[in-house]
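Chemist: Residues per chain, in single letters:
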Amino acid sequence: MGDPFDLAAGWLQEHLLIPLLYALGLMQWEDVSYGWALFAVYGACQVAITFAVCMPLERWRPVERWPDAHAVTVDVLYTVISRVGVLPLFSFVLFYRAQVALNGLLADHDLVPPTLERLAPFLLGQPVLTFMLYAIILDCADYWRHRLSHRFRWWWALHSLHHAQRQMTFWSDDRNHVVDDLISALWFGVIALAIGVPPLQFPLLVLVLRFLESLSHANARVAFGAVGERLLISPRFHRAHHGLVAAGQRSCNYGAVLPWWDMLFGTADFRRDYVATGDPTGEEALASGSWFRQQWAGLRRFAATLAGSMAR
Amino acid sequence: MRFIRVLPVLLPLLVLGAKLAAASGLAFVVNSGGASISLVDMSAEKELRRIPVLREPHHLVLSPDGKSLLVGDTVANEVLFLDPATGALQKRMPVADPYQLGFSPNGRFLVVNGLARNQIDVYDAASMQLLKRFPAASMPSHLDYAPDSSRVFVSLQGTDSMMAIDLGKLATLWTEKVGKTPAGVLWHEGKVLVADMGTDYVAVVDPADGHVINRIHTGKGAHNLFLSPDRKIIWVNNRVGGTTTSLDASTLAPIRSYAIPGGPDDIAFAPDGRLWITRRFAEKVAVLDPKTGEYQTIDVGRSPHGLFLNPNGIAAPSVASR
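Chains X and Y are the protein sequences, given in the same order.
With the working numbering applied, the first sequence closes on residue 312, and no number is skipped along the way.
With the working numbering applied, the second sequence closes on residue 322, and no number is skipped along the way.
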């Protein structure tokens, strides 16, 4: 009996994607579509598992209660687009092709692109260990991506959409501007190319990491204790990053899964307890607008900062 | 203690018996989505173990001397050389995007299709030196040779075309449209057959100029085609329809269609007359009895693609894999 995720992806491909590609005359993409199907299935499972775990936590020990949670529904849309649709499509139509092209170029010159398994051959056939090493490297990369997105004005103009949410829940992890998402994908694409992350081999890695990221945004009074909070990022720790006083170009607790990078690079703050979230400097459309209004406002701010930079 | 007395006689027989039992046939199934190669005991029809590879292997081919099985790992840009008897790794070689690979009938050339990089590489098989790279727009996927090894024919999935290359002059002869999304290629009786995956037919192509002479309807998503060892039947896998169709090799008339759901792809012929068929979406190999139409299934890895059967292979689970 095969892996249930794989079989679900296979079913999706056989009964939906392949007939669709055939009808549209796009059968040349049938091989790549398997990767998309696999990530879509894992994405749907991510959403389901995150919902099943985080929703009871938020009901049980909420940090805040809101009479109207309309702003949260937009975040649900962000999550579905990000985890089941756009992100997997991007990674498999663009990133995959780029990886093959670049690696092939190197192979033409007898250069073997770096991979963890080549640097440490004992890792070949050790998926759990390899999985963990890739996760640690990618988490460190994400720390710096996130920190820089607060540092540069043009990047913050995009990323502030993520921080505008005053009703932060586990759905808020994916509320990002699409341009910010594209930059992130490019960032991870470069890192993945440098260390050879095989996207099809570790969909579980993405699932676990994204679950932990969602959990860290939960509207729940959940902390992991003095030791646990230094091993894994808790909702309490990450909430400090989203705090009103921490929003903007000087913040704290940038980490996504592991707090180690904040501790190592001097940005960790373990003192703040369940602060109110949001960005007081941002415009209202970013906080409570529809998906399109938020995207438009973000794009406008992004263009304005770029124009301002050029004018200077 | 009669047992002790007969032991010197029994022992060599026992060892010989064990060896005979071990040589029960070894099947290699390339799991393109699982970065591994499944080794399957052909007698027991059970997966023994998996050889981990780096990224995304697709196809495999036996070297002309029969001593190595070459497996192309596309995303890792390397070809693995395995012992076809045991699966033991012999060596690795950097090769750009080795999606589909095949030796010419005379053993002189190795052609490697780079599907993602839009290139066809012609190697000298003995030295493994690249003789020439042909840019191929786009997505070169499957290939077959003329029996005299003078030409190779490559399907170009992205442009609905086929390319013919003169291997003596290392020059392109023609590139012609042959139907929507062509995949499997087979030289047969002076013609080139190509399975058009975007349609439900196999195109019969004139090798002289690439002109389509005829179309044989087989099933939705005709993907790959194989000539049976007795040369009497051509088997066609239809990816979208989930069927395998047999054609009379002399007339190309369809004989029978078998339901093989789960994206049937490659076929290998077992000595007992059954067909081993990889089912891409089901993580299984189907072992089809063409007489009854029934098939057994063998669990393998994710997205099984290329397939090779070695009836003399040693199905021992303890052989070193790396």
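Hint data in this document are derived by calculation from the structure and do not stem from the laboratory.
There's no promise every hint is true.
[Stated by the list, open to error] So, partial list: chain X residues that the calculated Cβ filter (under 7 angstroms) puts toward chain Y: (1) D6; (2) G10; (3) Q13; (4) E14; (5) I18; (6) Y22; (7) G25; (8) M27; (9) Q28; (10) Y34; (11) L124; (12) G125.
Heads up, the beta-carbon is just placed ideally off N, CA and C, and yes, glycines get one too.
Chemist: Are the hints correct? Go through all of them and say.
Modeler: Quick rundown of the hints versus the structure:
Contact between X:D6 and chain Y, as hinted, is supported at the beta carbon level, the nearest pair being about 5 angstroms apart and thus within 7 angstroms. Checking X:G10 against chain Y by beta carbon gives a least distance of about 3 angstroms; that is within 7 angstroms, so the hint holds. Satisfaction of the interface hint for X:Q13 is found here, the shortest Cβ-Cβ separation to chain Y being roughly 5 angstroms, below the 7 angstroms cut-off. For X:E14, the shortest C-beta to C-beta distance to chain Y is roughly 4 angstroms, which falls under 7 angstroms, so the interface hint holds.
Below 7 angstroms, beta-carbon pairs count as interface contacts, and X:I18 has one with chain Y at about 6 angstroms; its hint therefore holds. Annotation: X:Y22 was flagged as interfacial toward chain Y, and the flag holds, the nearest CB pair being 5 angstroms apart, inside 7 angstroms. The closest approach between the C-beta of X:G25 and any C-beta of chain Y is roughly 6 angstroms, which is under the 7 angstroms cut-off, so the hint is satisfied. Hint status for X:M27: holds, given a least beta-carbon distance of 4 angstroms to chain Y, under 7 angstroms.
Evaluation of the X:Q28 hint against chain Y yields a held restraint, the C-beta minimum of about 4 angstroms falling below 7 angstroms. A distance limit of 7 angstroms between C-beta atoms decides the matter here; for X:Y34 the minimum to chain Y is near 6 angstroms, and the interface restraint holds. Interface restraint check for X:L124: the shortest CB-CB distance to chain Y comes to about 5 angstroms, inside 7 angstroms, so the restraint holds. Checking X:G125 against chain Y by beta carbon gives a least distance of about 4 angstroms; that is within 7 angstroms, so the hint holds.
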